[in-house]
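Trainee: Read off the chains here:
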Amino acid sequence: MAKHTFTGGIHPYDGKDLSKDKPIMDIYPGDELVFPLSQHIGAPATAIVAKGDEVLRGQRIAEAAGFVSAHVYSSVSGTVTAIEPRRVVTGDMVMSIVVKNDGQYREVEYDVYDEIDVDNLTKEDIIKRIQDAGIVGMGGAGFPTHVKLSPKEPDKIDYIIANCAECEPYLTSDYRRMIEQPEMLIEGLKCVLRLFDNAKGILAVEDNKPDCIERLKALTKDESRILVKALKTKYPQGSERQLIFATTKRAINSRMLPADAGCVVNNVDTLCAIYNAVWNGKPLMERIVTVTGDAIANPQNYRVFTGMNYRDLIDAAGGFKVEPGKVISGGPMMGFALFDLDVPTTKTASALLALTTDEASRYEPTACINCGMCLEVCPGRVMPKVLAEAADHGDLERFEKMGGMECCECGCCSYICPAKRHLTQSIKSARKIVLANRKKAGK
Amino acid sequence: MSDMMNVSSNPHIRSKVTTDKIMLCVVLALLPAAGFGVWNFGLYALWQILLTIAACVLAEAIYDLLMKKKMTVTDFSAVVTGLLLALNMPPAAPLWVGPLGGVFAIIIVKMLFGGLGQNFMNPALAARCFLVISFPAIMTNFDCDAYSGATPLASLKAGEVVNVFNMVIGRTSGTIGETSMIAIVAGACFLIMLGIIDLKIPASYIITFILFYGFFGGYGFDPYRLSAQLAGGGLMLGAFFMATDYVTRPVTKKGQIVFGIILGLLTGIFRVFGASAEGVSYSIIIGNMLTPLITKYTAPKAFGEGGERI
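Protein chains in written order, with the working numbering: chain A, 1 to 443; chain B, 1 to 310.
Keep in mind that the hints were calculated from the coordinates and are not lab data.
One or more hints might be untrue.
Pairwise CB distance ranges (calculated) [unchecked claim]:
| hint | chain 1 | residue 1 | chain 2 | residue 2 | range |
| --- | --- | --- | --- | --- | --- |
| 1 | B | Arg309 | A | Arg106 | 52 to 60 Å |
| 2 | A | Lys232 | B | Asp145 | 51 to 59 Å |
| 3 | A | Met93 | B | Leu112 | 46 to 54 Å |
| 4 | B | Leu199 | A | Asp92 | 43 to 51 Å |
| 5 | A | Arg303 | B | Ala203 | 50 to 58 Å |
| 6 | A | Lys232 | B | Asp222 | 19 to 27 Å |
| 7 | A | Asp392 | B | Ile107 | 41 to 49 Å |
| 8 | A | Thr357 | B | Phe113 | 30 to 38 Å |
To give a feel for the contact side, a few chain B residues facing chain A, derived at Cβ under 7 Å [to be verified]:
| hint | residue |
| --- | --- |
| 9 | Asn6 |
| 10 | Val7 |
| 11 | Pro11 |
| 12 | Ile13 |
| 13 | Thr18 |
| 14 | Ile22 |
| 15 | Ile62 |
| 16 | Leu65 |
| 17 | Gly304 |
| 18 | Gly307 |
Remember, it's a predicted structure, so these values are computed and weren't measured experimentally.
Beta carbons are placed, not taken as given, at the ideal position from N, Cα and C, and that holds for glycine.
Kindly produce the complete structure, drawing on both the sequences and the hints.
Mentor: What follows is the structure, encoded as structure tokens:
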């Protein structure tokens with residue numbers, strides 16, 4: 001059978017060997033934790049604690065501001081020392097709640113359910129428990145999960161896709177989850193399937209993880225509603241639109257939602273968080289983070305308390321063994337370059353990557369030779385060289401006409417370009433301007 | 001801390017393929033044809049090749065210096081231009097003709113339009129056409145120490161018998177690098193295996209030419225005449241090395257096939273109905289000028305707009 005895949009894409013060095021065999025380790029945070037009020041797409045949450053308040057681990061400290069928003073929980077017990085703007089991974093200053101860790105990890109009482117309780121939950125109850133837990137898409141986008149799970153016509157959803165592709169190089173957090181806690185992932189998927197009566201669940205795994213595929217297949221062999229599909233290993237196989245196409249042959253453009261193709265996509269960590277919320281009543285306050293790269297002394301996968309400082313993570317992994325050329329939050333293809341290590345981990349932080357050489361600045365961009373490699377690899381099937389040209393000339397009309405808004409910013413064009421042009425960067429900037437203009441015109 | 005850290009937009013990794021590596025591979029791929037030319041026509045051909053390349057590289061270096069631009073000769077594209085032009089020279093042309101063409105190719109066709117990537121015609125071919133028009137006697141004289149008389153294609157057109165086996169191997173008269181089909185295809189295979197060029201343009205070009213010649217050539221699909229037509233003239237060199245020039249061919253997949261078909265038709269028309277037995281250079285140059293139009297009308301559809309399946 002032909003492998004499930006899409007057209008385009010690249011095969012960069014995957015670097016997963018550095019950390020793939022390192023079991024998930026627990027790690028405890030330092031003295032100060034920072035919880036940005038905006039760790040998701042949508043309105044920033046509103047703080048419901050004040051400076052000087054005592055908080056417990058698992059206590060809600062910020063309330064969602066509207067439907068498309070998410071609650072924020074403290075991952076430690078301690079005292080609120082400030083509510084002030086703090087630097088986050090993107091470089092922006094974001095209003096954040098700062099908690100001084102008392103080191104005792106006193107927790108709130110969770111509303112733990114047994115099997116009978118869970119069976120008796122209505123659809124609304126399940127969504128409510130997910131919403132209450134402050135769960136957002138943990139693959140990086142941070143879209144509030146309860147919104148994703150409340151499409152207009154739930155009966156028209158045919159597939160719930162568990163995004164187990166983990167196509168970003170170096171990242172192994174999802175892999176470790178699938179190896180160590182596959183039951184949790186499957187139970188999470190089953191919770192979501194309860195919401196959609198006509199849907200089948202698909203566990204979509206890249207075929208560079210045959211052990212996961214085998215294990216998940218064995219665990220789901222009696223589940224009539226869950227399939228395991230092996231995807232061709234290729235970046236960006238885990239990009240939402242490409243994943244939907246690879247698994248269902250349905251294609252959506254940038255103006256459509258996965259629900260328009262009858263699909264809902266959730267990543268591994270998100271499904272595990274859903275399990276924790278529905279069964280254990282636990283809010284989202286920890287996640288798996290891969291700390292890796294050739295500049296890290298001991299690459300490792302950690303269970304991290306959100307709000308924890310990145311510098312503590314690096315120290316835990318033995319620090320830098322050589323001076324890093326670049327430190328990245330997330331993977332090398334779509335992650336954010338950090339200029340300051342004193343930033344907090346958030347719900348969407350999947351990795352901390354330290355590379356000895358910064359390949360992006362190593363090469364000077366030269367003239368485009370029209371080789372067409374960017375067209376070849378573009379999963380959006382647009383013409384990156386033409387878009388970047390239009391973007392550099394400030395010709396937004398041409399940019400939109402040539403499909404600039406269909407770009408998913410995956411970075412394949414910049415990666416492959418023999419002239420080392422910063423195509424993704426140009427296109428990204430133009431997309432931002434177009435979106436801002438649209439917003440302005442809408443108001 | 002913060003001053004040691006590089007910050008930039010994603011992605012943070014880059015492939016190892018660079019422009020100069022691609023150009024160097026093209027040079028390597030042309031070496032069999034060049035080597036065969038030197039062996040076939042003698043050491044004088046080597047001097048032509050070396051001087052033409054030197055003229056191209058020097059012209060670009062001097063232009064960059066005078067215009068206070070970043071030195072661009074290290075990308076090897078001037079070497080490719082010089083080598084291609086030399087391979088298109090008659091073996092006995094005076095030693096100043098190739099270099100003159102090289103300077104024209106680099107300065108007029110390439111640098112004045114903005115340098116690498118901005119030229120709208122293949123510089124080597126444009127220079128060859130410039131030389132043919134300026135020095136027709138020199139450029140159409142294929143007499144040399146090794147051979148005398150007309151090229152095989154001209155003989156064929158005049159109704160004489162040619163030796164197809166010698167044409168495939170390359171033991172005939174012609175320009176320095178065009179005679180050996182085997183050497184050219186061997187070099188092209190190297191580029192195809194590396195993924196630097198693909199078969200879309202050469203295949204659509206050659207197939208269209210075969211069909212055109214078969215239907216309108218007046219001899220049907222006669223294997224003897226067809227193989228003489230394919231092996232003779234610059235068809236192989238043009239189809240694999242000049243029509244596939246990145247800068248001047250359409251960048252879209254569909255466009256490349258359209259481009260190949262147009263080249264095949266033009267070459268067929270020139271060879272069957274034209275006064276000269278040749279026609280590859282002019283076909284490719286005319287095709288080059290249609291490239292922006294072809295690219296425009298063959299722009300791919302985006303993912304989710306119908307372009308997800310190809």
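Trainee: Determine which of the earlier numbered hints do not hold for this structure and return their numbers in increasing order.
Mentor: The structure conflicts with hints 6, 7, 15 and 16, although it agrees with all the remaining ones.
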